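**Q** What follows is the residue order along each chain.
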Amino acid sequence: MVDTSRSPTESSGFSRKLAALIIIIYAVVTLIPITWIILTGFKSVTSSITYPPEVFFEPSLEGYVNLFTTRTRQSQEYLEALPPPETWYEELVRSREMVIAGPSKFFGRYANSLIIGFGATFLSVFLGALAAYAFSRFKIPLKDDLMFFILSTRMFPPIAVAVPIFIMYRKIGLGDTHLGMIILYTVVNLSLAVWLLKGFMDEIPREYEEAAMIDGYTRMGAFFKIVLPQATTGIAATAIFCMIFSWNEYAFAVLLTQFNAQTAPPFIPTIIGEGGQDWSAIGAGTTLFLIPVMIFTVVLRKHLLRGITFGAVRK
Amino acid sequence: MKNKIIHKAKGLSDRAVAWIFITPTLLLLLAINIYPLIYAISMSFTNFYANKLGKEIKWVGLKNYAKILGKEAIWERMQITASFMFWTLLLQAIIGLSLALLLNKKFKGNELLTTLIVLPMMLSPAVVGVFWTYLYNPQVGLFNYIVNFFYDFGSFDMIGSSTLAPWAIVIVDTWMWTPFTMLICLAGLRSIPNYLYEAAEVDRANRLQQFIYITLPSVLPFLLLALLFRGIENFKMFDMVVELTSGGPGSATELASIQLKREAFEKWKTGYSSAYAVILFVTIFGFGNVYVKVMNKIKDR
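These protein sequence lines map, in sequence, to chains X and S.
Here the first sequence stands for residues -7 to 307, numbered as in the numbering used here.
Here the second sequence stands for residues 2 to 302, numbered as in the numbering used here.
Next comes chain S alone, as it looks inside the complex (with noise of 0.2 Å):
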């Protein structure tokens, strides 16, 4: 009862301050974010052409699904994302493991050595893609010295090749996000509280045995955590690769993202293309809930 007085004497109600507080958030969210997406559903029913925008827009049904979904195109390019996204989560969930694994044991220079490490996650991906085009150079590049100087295999090329650009944007993702899934797996380790170990010292577990069965499922929920963040972007993934190999050599690199934006601003073909986003999203959506799922259940074990 004293409290409603207080308020009702000086300025205005809490739920008044409530909604104030929080409808420029949802009015920008719903302007920039949500109708957007609703525009963009409700194009992909249409022939709509965003640079030809005097011409009568057509319904077309779900004739635009039907056209995706029926080129051979739209499944190449879900295979090339699709061993992109394992090959990165493979290699980041391994190295990134290793390194929180390994930062666990307290050294001197610890905190230091993590930021340093953690350095290639924080810069612009779209820059990071041109620097490595660089590196990756098959006349100065340094990667390719630094390769040749340890094993002759002569002249190569990273980006020209259609066997060897998969891995150089793999390669390139993994040394730009494997710290991602070590700060997370390191964190997992640090919530391990001491005691489990020394119960299991008691009982005379030795190195190995406290690894399998104390470590391992205690880190693996911020792993499979680590790999869901991961994983969503990788989907997405459209900066790095972009400025990298541009899709190529031919269509090698051409990951759906690349795809999708080939189609929406280079040909335009907005109903198209707003097809194909909505296809992607429910992709993601779909796999991301089901991952979730399986997640909590290895977590509640």
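Bound conformation, chain X alone (with noise of 0.2 Å):
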């Protein structure tokens, strides 16, 4: 019998099923990076270097050790002489003749990426939210021209102000620590926040606000009571974005911090094991670097489109 009832844009099941095999393919083959690197969080340093590359190995925890202890090598007599150690990490680490020197900077680093990702992904929002509001529903003179320069800010290239900011903020007391840093970021998210959130507040019919400053609201009240609610969708996108940028961001967090409030991204490629980089520790902290990402990812899949366009393109 001939099939009458498909629809002239809809495919024929085999080229479907061709197509669903050829993007499995790219699918598996562009996952191959991020999923080795994790791959070798898992593996013991010696395995992380052997040629060809092992797929199938003894799970080993040495990495996540490594990544978050500093070590120094000691002679056999020396750790013979040593009381037994009192923590599986101590005899994972003695067996490669060394002892924990201390804890490493990993820690702070990721808990750097932590503050300042929140604390300008928040800022970013907040006064994202209140500009995108006030574009969206009052009569702002230039309000187009105001918009576009709002978005050209993201255009600079980062070194081309890397230099003022870095002299700005040693003047006035900002260069390296982590306010400096959420205030950077925020600025950098603002643009992206500001758009994608008059969008969202777009779609907000006017009446809601009306009928509650009917009601005996101020416009502020209405604003945060009725308006804020209703947005968050959102909200929530665009802070994801924030988050996002400000927990990958790279060439401000290398030019502007040193000791105090650097990020992770800057860190990761400086772990250094004895006679090159250590991977399998590298693997470690990419990995822990990776998770909050992927999680986002996937909670944002319906907004991406939104986001990385500022809003240009509308799914």
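Be aware that a few hints might be false.
[Said to hold, decoys possible] Below, computed lysine-lysine pairings styled on DSSO-like, alpha-carbon distance capped at 27 Å:
#1 X:LYS294 <-> S:LYS107
#2 X:LYS294 <-> X:LYS9
#3 S:LYS270 <-> X:LYS163
Just so you know, the hints here were simulated from the structure itself, not pulled from any lab data.
Treat the numbers as computed from the prediction; the structure is a model and nothing was measured.
Need the complex rebuilt from these two chains, each delivered in its own frame; the hints are there to steer you.
**A** If you want it as structure tokens, here you go:
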């Protein structure tokens, strides 16, 4: 029997299966690097540098131990004179003829990433929501020009403004501080936040807040009690985009911070073991660093397009 | 009339609220974005060194600009940047569009696969650069192993060889950002109304004709938009390449923005590097403007 119910845009079963097959192959290939680095985090140092690369290996937490500690090599006699190890990680380190000297900087850098990421996200979404509401609802002179001005600030190469910011921050005492980085990332994120949130606010009917104002709310009150709760989805999507940017940012972090406020991206490349980079520790650090972003991506998938194009493309 | 009375009676006027809401954003942008930019432009006419703050700053006019434009180095870096942009944009356009066309055929698991394919794009470029140095490692790298598995080239070093290194960064950038082109093309494809195809079917247009006369023209503006965004980003490209090759070997992958960073933060030639930054900025703005005009013309057609 001839199938006549098929709409002209729908492809035949075979071509659909072929498309699915090619896409699956692409997805598998494109995920190999990420999978590999996650696997490497669970390898021992020796197993991370074997050739041919080992796909099946004995899992080890050496990478994670190395990531969180600094170690010193000791002689056999010294190790034998020590009291027996109290923890599994001490035992692991001693089996490599080393002792733990102290914690590494990774935890601090990760904490900095969290503090700066959440701080900047909160500030940019809050300020962005205020501005977006004003642009969405009120008559503002030169509105389109102001909106374009806000967008254009994202086009400047970061290095072009890094030197002036460096000098300015040093003068006012914001150099290498959390607050300084929070303000900087807030500003970089603001353009995205304003553009995205304006799109979401435009979709909330004005009648809601007008009704509230007739009921006795002030404009401010209506904004906080009526409009913001309505925009929750938009705010969440915007927040995640701002978070991903601040979490991944590298250029400003490496140029403007050194000890106090440095985030994880400039730190991960500097994880070095004996005789070169410690790939299992880098794998471990990368994995811990990637997990939040992967979760966000899954949560975010419906808003992806709007976010990455400043709302220029609507799905 | 009635509305006005309500506003007067309760709280601030709308105009006051509008300015209270916008001012913090504008002030922050002015302080952290515009002020540094003006500062950089004015420094570009001086011989200022940021590591010698006590030294007298001398006005040198256009000397920095003349010096930069007169040097071979900047043209070399521009060429490296241009070829990096050409190959990444070309590959991302072809692969991204093809993937979008395939994903547009609605099959089972479509949404899950899209999410998985998009993952590389969400990662930190610097961290991506680091772990690709591991994959490219000539002794133990997985990339080298897989390539040699299919065809035995013997030992090769993607990062250490000046002929392969430019391709090393093109591959990583393409791996990371093809999903971006794909997503935007997919949005374009999904926005094509069904009746266009139905009308074409009535006119007995075959599949190929439908593709050439309906699908391609509708998706083209979206593809061009994606390439604009990628073009601007890749012109500024810094983090991934710094961590992957740090511009080497020699200067084989030293993109303009990497050289800019060296002048500004290693040699501390603030005046000189500010002039360099302004030149790069003007270049990207110029090209961007022309591109947008061409893009709008294509869209209007």
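**Q** Does each hint hold? Answer for all of them.
**A** Evaluation of the provided hints:
1. X:LYS294 <-> S:LYS107: Given that 27 Å is the threshold and the Cα spacing comes to 17 Å, the pair holds.
2. X:LYS294 <-> X:LYS9: Holds, at about 25 Å.
3. S:LYS270 <-> X:LYS163: 19 Å, holds
Checked against the numbered hints given earlier, the structure satisfies every one of them.
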